[in-house]
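With the hints as your guide, set chain C onto chain X.
Chains as they are written, first to last, in the working numbering: chain X, 1 to 254; chain C, 1 to 282.
These aren't lab readings, by the way, just hints derived from the structure by calculation.
Incorrect hints may have been included.
Cross-link-like lysine to aspartate or glutamate pairs, in silico, DMTMM-like; alpha carbons within 20 Å at most [what the hints assert, rightly or not]:
(1) C/LYS102 to X/GLU39
(2) X/LYS159 to X/GLU121
(3) X/LYS58 to C/GLU107
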Amino acid sequence: MKTSLRVFLFFLFFTLEVRVKAQQLATYPNDLNAIELPENCLEKQSAICAVKSHTGTKKSIKKNGLHLVLGSNSVVEINQKQIKLIKGHFLVMENSGYSLSTRKLKSLSTHGELLYEISEENSTVYAINDHVYLQTKGDLEKLMLLPATSLVIGKVGPKGYITDFPLLTTYRKLIQKYSQLYPSTKQDFLAQMHVYRNNWKVSGEKLGKLYKDNADLLIAQQKAADLKRKQSKEWLLKTNQGLVDLFRQKNYIK
Amino acid sequence: MVSTTRHCMTRGRHQSVSVPLNRCQAYFADALRKKRPIKPKNIKIFQQLADKPYMKSQVFIVFCLTIAVGTFQAFKVFETHFSGLNELKREKSILQAHIEHKELQYELASYKLLEMQNDVALAMNLIPKKDIKSDQKYPLRRLASVTQTSLSPGYLMQLAKRHFLKGKKLFRAKRYDEANIEFTKVIKEYSYSVHVTESYFLLIEGLYQSHRYEELIGHVDKMVSLYPESELTGYSMLRLGKIFEYQDRQEEASGLYKTIMQSFKEHDVVRQARISLRAIQI
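In isolation and in its complexed conformation, chain X is listed as follows (with noise of 0.2 Å):
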């Protein structure tokens, strides 16, 4: 009886199904992070490379004075000195001797590190803790942005790329975006965050007396502009008087 039952027990094993989860098999067996074209661009350190990461990483491309890394599903291309941000989520650790340019910005440049924003219609700049100094194409002038502030580059108005006044980046909005692209440890990034802070009031002080400036000169605007249409409804009061006495006189309203 027990002899039958070892015996069952032993047939048992056989008919045993084990599923296991298959494994992708390596489809890039250099870069499971991103893709390049042409193959290995990076690495063979080809004139023009472009690089795209996958959904759900992120790529960190370390170069002499270049340290940039790619959110998920950004593109980037690198044209020996020249960088074009193309469409995704970027923070730029160090550009020495790099020049960033993206579809909006002629030139984007900071001593410190930056964080970079591509949407459907408006490209975001977040400058964390340094000047970030950037000129839009069709524009002449370089913007400076504050340290822990943000600017909005929007499509395209009458006078060149339309940016929005900066704004202030709050701590949950920059750590949320922050934090998923900082290649390096947590101790590090909590230092980063520390001296953020810092610049953060910093900032917010100044930033609060350019509002009060801008508000100041958007209320002189709009009186000299209230002025100009008083103006110019008065003129056109004063000449068709003429056809609103002879319209009064031939219906007797007064």
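Okay, now just chain C, sitting in the frame of chain X:
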């Protein structure tokens, strides 16, 4: 567990009988308790059997599992080797890489196109979107998709438009009193809106339909003062002329029509005024 699998042999009168180990132990324990002498041959047999090697059940299970896993692995290797699955997987990965390369190429090309569109839009300055509605200007309209007048949505203008459209809807539904409230809002609260002239005109029409002629005259007066050059002012004056006609004030009506004919250049307004004047004269 041990007691059920180990056995010791005890000899009966005629043959050897296999009894479980615990029974052997019970035999010795009973003999000790009753102070009965233990037969030396029984001690010897027990010792021999206790030292005899045997297969534990755990070992048996491990053995079975090893065989099972080994066979399963061998089967998988055999299956993958002969089914060509590895080949297919390799092909799939190559194709996937190819597709992703193509996608990247497409993204780079799209970027260049969009960049060019933006550069052209910049070079052309702002393209007024309202001027490019016709089908012939499709490329221009595509180009205009990258342009924008302002980042701020112009809430006030949007609100004015909303009131105006609401008024228009009510006017079409012949709910003139409610429509007039909306048009009055547009006139008073959003005086810089592009819909003010039209609001005045529709307000006058609404008042005419509601037979509120006194108010109507006041609004026509305002329209003449503020927008004397507008075609809609001419139409409003025509409406006033009609009121005079209904009130049997023929002379005043004809005077008004003549004023319209003198003051407006728009063909339709002048023609309407002329027709109305002839009707009075007949």
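So, going through the hints one by one against the coordinates:
no., hint, verdict
1, C/LYS102 to X/GLU39, "12 Å, holds"
2, X/LYS159 to X/GLU121, "17 Å, holds"
3, X/LYS58 to C/GLU107, "18 Å, holds"
Of the hints listed earlier, there is not a single one the structure fails to meet.
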